[in-house]
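S.K.: If you read the protein sequences in the order shown, they are chains A and B. All residue numbers for the first sequence refer to our numbering, where the first residue is 211 and numbers rise by one. All residue numbers for the second sequence refer to our numbering, where the first residue is 211 and numbers rise by one.
FRET-style restraints, in silico, Cβ to Cβ: (1) A/Glu321 / B/Arg540: 47 to 53 angstroms; (2) B/Glu525 / A/Glu494: 30 to 36 angstroms; (3) B/Gly258 / A/Gly471: 54 to 60 angstroms; (4) A/Met211 / B/Glu355: 46 to 52 angstroms; (5) A/Glu219 / B/Glu355: 27 to 33 angstroms; (6) A/Arg474 / B/Ser299: 55 to 61 angstroms; (7) A/Ala426 / B/Gly387: 53 to 59 angstroms.
Calculated from the structure, these hints are not laboratory results. No residue lacks a Cβ here, since even glycine has one placed at the ideal position from N, Cα and C.
Protein chains: 2
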Amino acid sequence: MNVAILAHEKFPDGAKTATGILRYGDQDVRAVLDHANAGERVSDLRSGLGDAPVVEGIDDVPGIDAGGIDALIIGIAPVGGGFDESWRSDVRGALERGCDVVSGLHYFLAEDEGFAALATENDCELIDVRRPHDDLTVSGGTASEVDSHVVLTVGTDCSVGKLTVSYELVGAAREAGIDAAVIPTGQTGIMIEGWGNPIDRVVSDFTAGAVEEMIAEKGNEYDLLVVEGQGSITHPAYSAVTCGILHGAMADSLVLCHAAGRERIHGYEDWEVAPIPTYVSLYEELAAPVHESEVVAGALNTSHLPESEAETAVETYGEALGVPASDPVRFGAEAILEEIV
Amino acid sequence: MNVAILAHEKFPDGAKTATGILRYGDQDVRAVLDHANAGERVSDLRSGLGDAPVVEGIDDVPGIDAGGIDALIIGIAPVGGGFDESWRSDVRGALERGCDVVSGLHYFLAEDEGFAALATENDCELIDVRRPHDDLTVSGGTASEVDSHVVLTVGTDCSVGKLTVSYELVGAAREAGIDAAVIPTGQTGIMIEGWGNPIDRVVSDFTAGAVEEMIAEKGNEYDLLVVEGQGSITHPAYSAVTCGILHGAMADSLVLCHAAGRERIHGYEDWEVAPIPTYVSLYEELAAPVHESEVVAGALNTSHLPESEAETAVETYGEALGVPASDPVRFGAEAILEEIV
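Using the sequences provided together with the hints, build the complete structure.
M.R.: See below:
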């Protein structure tokens with residue numbers, strides 16, 4: 211599938227859906243829409259994401275008028291999940307050319323009358339991946355009954371790399387001959403996998419149940435499931451999602467993800483990131499009454515550090531955790547995998 | 211408002227919405243529908259709830275055919291919030307006589323085509339109080355900015371008395387001349403107050419935000435707000451709701467509620483209720499990174515114990531907590547209130 215990804219003013223650092231798809235998706239990304247970086251190339255802005263031109267808007271996507279693009283993906287996720295009206299012309303431009311538009315916003319594009327009419331007119335689809343399916347229910351506490359080993363990536367904050375760590379870990383497991391899969395719990399993972407449940411959009415009573423349902427569905431097909439965690443247990447707004455995933459997943463092992471140098475909660479700068487050992491004990495003590503689980507390894511995102519500082523940062527992080535750590539993008543996920551299998 | 215309350219096979223012990231309304235609501239309850247106890251009276255089955263006849267079904271409610279009933283309230287909340295088809299004739303019977311039907315089920319009666327048609331035909335309403343309003347959003351972490359002192363009732367399990375403790379505490383505060391109110395977070399509280407938000411039905415990302423919004427709305431009108439807690443932080447299915455309320459409320463004080471003798475999680479008997487000190491440390495440690503909060507008192511539901519054992523049970527509970535405790539229904543809420551003001 212050929213796609214363009216909208217990431218205005220946020221690419222690459224604030225566009226985790228865009229970078230996730232570029233790195234792990236099997237879509238062929240023909241362009242990134244970001245008027246702040248128009249004229250650059252993806253590979254100039256960050257390595258490891260492949261390459262594509264960065265363009266001003268939908269009209270500038272190569273091949274757009276020749277049917278070369280199947281879908282426009284909204285590749286940014288603003289706090290609160292709203293739709294930015296400045297994107298409207300790009301979405302309209304895609305629909306007018308018969309391209310589907312895929313969105314993970316809380317604002318459902320299919321409920322926007324203007325977009326819905328355009329999609330009908332041009333025989334294309336508005337795909338809101340953040341809309342959970344209808345027949346969810348409460349957890350029965352059964353996730354631990356599956357045959358596979360279940361790992362959950364937990365974090366000190368949002369946007370520290372939980373999705374990246376999940377994919378790197380599954381990649382390393384496959385390299386080692388282990389049949390492994392990601393359980394996608396957010397918009398990016400769902401766009402990459404083509405299935406999944408947007409846990410942050412689920413009715414709060416069904417949060418754990420929605421995770422359990424996914425694990426039950428895949429648990430006997432794989433030897434290792436890596437559940438993509440969300441948010442952080444100390445987040446002023448999103449901790450409910452994190453807690454529901456923790457108890458619903460009933461994970462055997464936890465991997466604590468952190469971004470090097472992150473001292474304040476992203477978007478909630480009045481709150482400090484707690485000391486690392488606080489997260490270890492909080493996640494373990496909160497998990498235990500439902501299902502005993504241990505932080506077996508750490509993953510540190512050092513993408514903003516020079517090579518020379520990254521190794522020390524990972525070492526320091528591992529010491530604070532009391533378990534082995536790695537930056538799976540920079541140094542591979544093998545050290546983490548070893549603690550799991 | 212004259213009402214009848216449906217509580218088949220669950221009254222009084224498994225019907226906390228029914229008993230909550232009987233005890234704290236200003237509705238005039240003309241009958242309880244419970245075919246298992248038909249012929250008895252409410253006052254025979256439990257003291258402190260006032261009195262009304264217990265009847266077989268809607269046709270047996272005194273005055274039902276003379277327009278003596280304004281509404282039928284669904285007074286039970288089964289696990290999962292489903293609608294029991296055996297209740298259908300009672301709901302139909304109410305609607306056929308022009309009575310509104312008020313429900314807190316996850317299953318929305320207004321979306322049931324048969325009920326909807328009957329309600330239209332008889333010019334009455336289907337009121338689903340578990341439907342949150344539409345414009346919720348994420349928490350901004352602002353609940354602590356209100357002038358009032360905020361107390362949150364937290365629990366070791368579901369159905370341990372958090373709503374009861376909230377109302378007893380507000381009652382004691384008012385007696386002491388303090389301007390106090392309950393922040394209702396569940397169906398029963400919403401039915402009693404006539405406003406509120408069913409937090410367990412809110413999108414998980416907005417859980418904390420929905421609590422924050424209610425506190426902001428009432429925070430400057432009262433000196434003391436008691437937020438009705440939900441579920442338990444160690445519950446296999448509902449902990450997400452509990453966690454979101456904890457962080458969204460940013461309470462100054464926590465009151466830990468427990469039911470004497472409860473050893474297993476209600477409806478999830480494979481799970482033990484953790485030792486009491488575990489709850490104190492879990493709630494405090496989980497709250498702290500967002501807003502420092504302390505368990506200042508305990509509330510023990512001793513309704514199933516004889517008078518002679520209740521006092522010892524409360525004492526033992528207080529010792530396990532390390533703070534004063536009471537059974538507010540049996541011994542008053544003053545001892546708890548003293549720890550707050």
